[in-house]
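In case you want the letters, here they are:
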Amino acid sequence: KNEVEQSPQNLTAQEGEFITINCSYSVGISALHWLQQHPGGGIVSLFMLSSGKKKHGRLIATINIQEKHSSLHITASHPRDSAVYICAVSGWTQGGSEKLVFGKGTKLTVNP
Amino acid sequence: DAGITQSPRHKVTETGTPVTLRCHQTENHRYMYWYRQDPGHGLRLIHYSYGVKDTDKGEVSDGYSVSRSKTEDFLLTLESATSSQTSVYFCAISEGQAYGYTFGSGTRLTVV
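Residue numbers (my numbering), protein chains in the order written: chain A, 92 to 203; chain B, 1138 to 1249.
Bear in mind the hints are in silico, worked out from the structure with no lab data behind them.
Don't take every hint at face value.
Here are the simulated lysine-lysine pairs, DSS-like style, with alpha carbons at most 27 Å apart [as the list claims (entries may be wrong)]:
| # | chain 1 | residue 1 | chain 2 | residue 2 |
| --- | --- | --- | --- | --- |
| 1 | A | K144 | A | K195 |
| 2 | A | K195 | A | K159 |
| 3 | B | K1148 | A | K198 |
| 4 | A | K159 | A | K145 |
| 5 | A | K145 | A | K198 |
| 6 | A | K195 | B | K1194 |
| 7 | A | K195 | B | K1148 |
| 8 | A | K198 | A | K144 |
| 9 | A | K198 | A | K146 |
Produce the entire structure from the sequences given, and follow the hints as far as they go.
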């Protein structure tokens, strides 16, 4: 079982719809990250959170530490939101150094 | 992303040849990471560094070596490239988990 599970794997929406992407993890973490990757593009950090909720523009990220679950919401979705959204958790290597463990990503397509 | 650059952006090489990818940062961050991204697997850690000359293996380190002789440069070497190493390689930097991560734009490597 992967340490970080995302759902859904693929998501198609119409412009203007409210979108939710979910992330569950099974390991102890210090923080959870939501990342965005446009086709052929680099990876951009959207949020880093260890509790509660964060908002940036139309994007909202929440985390429930007790349930080991996080959600990324996009309000009033737009075609430019089409990208792969990746959940990652901050953990530790066996040697005690810090590392990220990634989910496999959710591919979002927003149609006009 | 500003502060971190990867080179080359694209490379095609032949099986059996050595290849070196470079990650350069101007942020003076302590931690540097090499990941590979493959369909169905998400991002996986190859090697990481927690300081000059301090490196360690990640989960998919076989066939790869790294060096960090200066804070700003982290080199990834494929000692004898194989087709299974065809992938997109990302470098990331961090000053610690409390500060988040910044990713490079990626290097697309094709081994033929």
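Indices of hints not satisfied (ascending): none
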